[in-house]
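Number of protein chains: 2
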Amino acid sequence: MGSAVAAIAARREFFEAMVVADYDPARAARALPAADPRFAAAAVDASDQAAIEALIAEHRITHVLNAVDPRFVLPIFAAAQSAGVDYLDMAMSLSAPHPTEPYRQVGTALGEAQFAAEPAWKDAGRLALVGMGVEPGLSDVFARYAADHLFSEIDEIGIRDGANLVVTGDDGEPIFAPSFSIWTTIEECLNPPVVYEAGRGWFTTEPFSEPEIFDFPADIGPVECVNVEHEEVLLIPRWVGAKRVTFKYGLGAEFIGVLKTLHQLGLDRTTPVRVGGVEVSPRDVVAACLPDPATLGDRMSGKTCAGTWVTGTGVDGRPREVYLHHVVDNAWTMAEYGAQAVVWQTAVNPVVALELLASGVWSGTGVLGPEAFDAVPFLDLLTAYGSPWGIREA
Amino acid sequence: MGSAVAAIAARREFFEAMVVADYDPARAARALPAADPRFAAAAVDASDQAAIEALIAEHRITHVLNAVDPRFVLPIFAAAQSAGVDYLDMAMSLSAPHPTEPYRQVGTALGEAQFAAEPAWKDAGRLALVGMGVEPGLSDVFARYAADHLFSEIDEIGIRDGANLVVTGDDGEPIFAPSFSIWTTIEECLNPPVVYEAGRGWFTTEPFSEPEIFDFPADIGPVECVNVEHEEVLLIPRWVGAKRVTFKYGLGAEFIGVLKTLHQLGLDRTTPVRVGGVEVSPRDVVAACLPDPATLGDRMSGKTCAGTWVTGTGVDGRPREVYLHHVVDNAWTMAEYGAQAVVWQTAVNPVVALELLASGVWSGTGVLGPEAFDAVPFLDLLTAYGSPWGIREA
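Read top to bottom, the protein sequences are chains A and B.
Going by the numbering used here, the letters in the first sequence line up with residues 1 to 394, in that order.
Going by the numbering used here, the letters in the second sequence line up with residues 1001 to 1394, in that order.
No wet-lab data here; the hints were simulated from the structure.
Keep in mind that a hint or two might mislead.
Label-pair restraints from in silico Cβ distances [stated by the list, open to error]: (1) A:G276 x B:K1243: 41 to 49 Å; (2) A:A35 x B:R1104: 52 to 60 Å; (3) B:G1221 x A:G276: 34 to 42 Å; (4) A:G276 x B:T1168: 23 to 31 Å; (5) A:A124 x B:T1168: 53 to 61 Å; (6) B:H1263 x A:E153: 29 to 37 Å; (7) A:P174 x B:E1210: 57 to 65 Å; (8) B:T1168 x A:G107: 45 to 53 Å; (9) B:E1210 x A:G241: 42 to 50 Å; (10) A:A50 x B:E1279: 50 to 58 Å; (11) A:I213 x B:G1314: 50 to 58 Å.
In silico lysine to any residue, SDA-like type, Cα no more than 25 Å apart, as pairs [stated by the list, open to error]: (12) B:K1260 x A:A50; (13) A:K260 x B:F1255; (14) B:K1303 x A:F176; (15) A:K122 x A:A50; (16) A:K260 x B:P1237.
All residues carry an ideal CB built from backbone N, CA and C; glycine is no exception.
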């Protein structure tokens, strides 16, 4: 993800310097765009708050963009807060299920630990722009756009994500290879999905609930989607009025089966098990057995679609139903940036946001989601980055 | 498996002493029947041929019964050969797929490494009785019985294994918990299944080939069975004439789905992967995540059935079809022996064989399968152990 951010940012003029940090300094160095003196590599342990603070001080960082997996949200977030700099991420602090009614009530919500720090961020006059990838991120921007420009009243905001990406093996046959971090995908899909309803607030359901076939644009077509725990459901109701907010992921029947089996066998667990003389997290072993999603771009084909489906009453007072969407073709992202589609689509949005913050078009203090800002300049700048969005009326 | 062997043998008089050896001496000690001075515990590394030879010498062992998983067949087999003692096992040396046509041709067959040592065993006048559990084992005895007493000509001998065992979790709901070593089950089910046909010899197919619904006796009923690599297919044609020999395992659709997913994700692999700072075999991690099958007996209910289905021409010259079978109820094995049904059913057969060898009713030299011996005394003695077999005419 960091490599794609660097490749996208390298084409822009809005920043003076960008430090790409990784646990493995060689990996950080490989992410640096060629012949661009604005970029530097550094080594850092993302679980070590003090080390991150030292890195911020050493390079006089003004904005920390967290591009690692959500296990490391809190130390990076706390380091930015402590160092008094602005912060962005693409996924929020992890949830914990309700101790007695996990499939009915929210326990600790996604991002709850970050919103708890809201007063301190506001007092310090600093901004934590949370959930600023594609989903959450662009999907939240779409929700704000719909509320401001398309609807007078919103019944439901449903994020819908689907793709027709296929990865082929050495023999040219399709292979099983998730296009995004399996660690995060397991976390999202096996946690109790969260749903928001006005009057009732946030509640949870069984995993894979409310299956529906959603017809995606471009040539993706119909995909089976199910409820999944995702930040948008927590973020959108804070700034956008809607009677219901959901997130459904187009996993498809095969992938749902794989996730159910991993859960059934306990292979989704993150607590270590003893194997021979060592201790390992089963979920880390699953991830180690699968190819690194970031390396799959040249064996992948197809498109991925992120978007926000909105129903309600249009500004003209008549019923309206739209799907605001952003489709990315893997062939294009590979040719232009050498990044696979899902990674590129996630990475482009925080770069757009950084540019809006750098120019002052977006500004704010506290812990804010993307829907707290004006959607139009964001969508215009995304289009200027060469990646237009679309709208489908039902 | 060793604990069940000891518990069963403790009720018999045919031996002077039995040493239960394990990598973990405390585990060996726990397997000793109470207040029976014939039993002793020892520590041994089953992968260390010299250590096994030393153990044989120390205790003046006459028969080595290998009751560990098939990865350790060769060092134990070689140690017995080198020490000049008799040997029994319940699974044979592992196969390796054909390098270019794994789903058509046999590469290295199950037991091939053991049969290669046949001349040396014969020269030494010592017996290696291989595949002497329930399947292989009792199933091979059934095949010999059918050939000697029921048929004048055999068309097909098909081993068919099915169960209705259910394991319940702490909340009383059924949980996923294989009743036999998952390591061995993965090995059996994902290796190319082997089939024997007179004239063509041994050949392999794709995993899970030739699905059929087989109606099992007792109250087990119909279960989906598929071809699986198993020793009987290699053993039976060496001693019993048949036009076709197969092994089909009643895995059921759910378990077949689990195995396919493990394979798809590479979690069936035994070669280590790097996870953080350590290296582990993914298959060992899968096993570590599941409950130890030997500990499930008191949470298990139902019956397991092993048997041999035979079609051909009866001794009266008319078409005949029979299913010779052995059904074990988990409630009975738990009450009688404190062992779960599948473990007990596997363990009882080598004890019966040891008793027949001790009494001289069975004798032989070389590397022999169970079907090389007279079936009747075996089946009679099994019944005398309290566990009768049955026959169903089609």
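Now the hints, each set against the structure:
| no. | hint | result |
| --- | --- | --- |
| 1 | A:G276 x B:K1243: 41 to 49 Å | 45 Å, holds |
| 2 | A:A35 x B:R1104: 52 to 60 Å | 54 Å, holds |
| 3 | B:G1221 x A:G276: 34 to 42 Å | 40 Å, holds |
| 4 | A:G276 x B:T1168: 23 to 31 Å | 30 Å, holds |
| 5 | A:A124 x B:T1168: 53 to 61 Å | 54 Å, holds |
| 6 | B:H1263 x A:E153: 29 to 37 Å | 51 Å, violated |
| 7 | A:P174 x B:E1210: 57 to 65 Å | 25 Å, violated |
| 8 | B:T1168 x A:G107: 45 to 53 Å | 26 Å, violated |
| 9 | B:E1210 x A:G241: 42 to 50 Å | 60 Å, violated |
| 10 | A:A50 x B:E1279: 50 to 58 Å | 31 Å, violated |
| 11 | A:I213 x B:G1314: 50 to 58 Å | 56 Å, holds |
| 12 | B:K1260 x A:A50 | 45 Å, violated |
| 13 | A:K260 x B:F1255 | 13 Å, holds |
| 14 | B:K1303 x A:F176 | 36 Å, violated |
| 15 | A:K122 x A:A50 | 22 Å, holds |
| 16 | A:K260 x B:P1237 | 41 Å, violated |
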